[in-house]
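Undergrad: Letter by letter, the chains look like this.
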Amino acid sequence: MQTSDNPFSTALSLIVNMDSALLSIVQLSLQVSLMAVIIASVLALPLGAALALWRFPGRNVVIVALNALMGLPPVVAGLCVYLLLSRAGPLGEWGLLFTPTAMVIAQVILVLPIIAALTRQQVEALHGEYAEQLNSLGLSRLSMIPTLLWDARFGLLTVILAGFGRASAEVGAVMIVGGNIDGVTRVMTTSIVLETSKGNLPMALGLGIILLALVTMINAIAHIIGETAKRRLG
Amino acid sequence: MNKASAFIFAGTLGLTISGTLMAADDDYITLASTTSTENSGLFDAIIPAFTEATGIDVRVVAVGTGQAFEIGRRGDADSLLVHDTAGEKQFVADGYATERLDVMYNDFVIVGPSDDPAGISDSETVVDAMQRIAKSESPFASRGDDSGTNRAELRLWEDAGITPQGEWYRELGSGMGPTLNTAAGMDAYAMTDRATWVAFNNPQDLALLYEGDEALFNQYGSLLLSEERHPHLKHDLAAQWHEWLVSEQGQQAIADFEVDGQQLFFPNAE
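Here the protein sequences line up with chains A and B, keeping their order. Per full-length UniProt numbering: the first sequence = residues 1 to 234. Per full-length UniProt numbering: the second sequence = residues 1 to 270.
Warning: the hint list may mix true and false statements.
[As the list claims (entries may be wrong)] Restricting the straight-line Cα-Cα distance to at most 25 Å, the calculated cross-link-like pairs of lysine to any residue (SDA-like) are:
| id | chain 1 | residue 1 | chain 2 | residue 2 |
| --- | --- | --- | --- | --- |
| 1 | B | K89 | A | R87 |
| 2 | B | K234 | B | G66 |
| 3 | B | K234 | A | D182 |
[Claimed, not checked] Computed list of chain A residues with no C-beta within reach of chain B, every gap over 12 Å:
| id | residue |
| --- | --- |
| 4 | N67 |
| 5 | A68 |
| 6 | Y130 |
Calculated from the structure, these hints are not laboratory results. Where is the CB? At the ideal position from N, CA and C, for every residue including glycine.
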């Protein structure tokens, strides 16, 4: 690909001439990160809510651990998943290393603590407000979970977006477990690393601008949905 | 129950999409190779010819040679194409591969700031050049990542009778491209394979200062992995790739690959 020295015009010409290779890279990036966020949300929202409502020994340890895992270095998550999925590892039979599925697994591990920890905090605050009403209705803690999650949904949307931001921005994990294979596991961030290592700095930055634009777009859509829903509820 | 069904829906959706992500045909092999071959564009040039001849696609994981060996040892790639002859022979001796073949070579060159503060450009030998860099304590950027290039560089220091250490010797622990980016940024000398150098687009003030010594010869070898040790690998397909590389057609494809009109890899299969 011919590039100019200006990353912005490079980004622009990449978008204008959107070739199939770039399109598949963008598509895979979104697929992997959205999938990771969906799976992580399904697991982490109830988990975070449960952690907010139940009192059990060691609860504080779990909370601190979850909070700390929000800072888990992607490359460490990637390494763990690599060792797990490697042929010599416990799940090697599955043959998942160097596939998009492996990348999703690694990103779930990165995103899950963020969503769980922030959900815990939000639901706990909400529960503090509503505890009396909920108790007077005679609701069990288990049945409070959906109610509280639903009431906290606008805040939780931001939580999920934070998770998506983490997933779409990281490169350390997907590089190790995906292998940056052309046409198979190459995503936006690994392309940026590759172009940088080739010394194609404007191209690398151009791809970065496109990634940022995509993430901005998704955040804008989520914001609009949230605002519209809020307004409709009056 | 509304939310529960929403969760089930999301879960199903998840499985569907991950199902599509996993779906792939089996006519491919995973090749662990080096960044120099990938970054220069060699694979983009020769793999289509191989795929056309055999119907087999090759998925390249480009890493340092040290990491490529580790991937091979763990059984995570079907084939290896690397450049550390001593390490490759050890790999065969350890029983991880059954055969090693010479495929091609290129050479290493020494690059550095264009005003050449250590004056290496008129060195007699590469060992002489390394001694001049060490003596003048000019900054030298080393890969420091146990790659084939890094191992070759360390052998040269040993030949020069120098233990590289001190503020001038900077171990970066990164790939060839990032090392060149850093060397350009701090006006340091660096040893690089010619392919990566020619295809590199951010030289800034770096220039090629020393080349041509036989000690800078950089041999690439293909390894046929052991079926006994890793029975699950695609040995049949990998063997076709291994043999194609050294076939007349494969050797020609390697010779035909050029960047800016310059041939970067020289086939030398026996």
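Undergrad: State for each hint whether it applies.
TA: How the hints compare with the structure:
1. For the hint pairing K89/B with R87/A, the CA-to-CA distance comes to about 23 Å; that is within 25 Å, so the pair holds.
2. At most 25 Å may separate the alpha-carbon atoms for a hinted pair to count; K234/B and G66/B meet this at roughly 22 Å.
3. Simply put, K234/B and D182/A have alpha-carbon atoms about 20 Å apart, close enough for the 25 Å limit, and the pair holds.
4. Chain B leaves N67/A outside its interface by the beta-carbon criterion, the shortest separation being 25 Å against a cut-off of 12 Å.
5. Under the 12 Å C-beta cut-off, the non-interface status given to A68/A relative to chain B holds; the minimum distance is some 26 Å.
6. Consistency note on Y130/A: stated as away from chain B, and its beta-carbon is indeed over 12 Å from all of that chain's, at 17 Å minimum.
The structure shown violates none of the earlier numbered hints.
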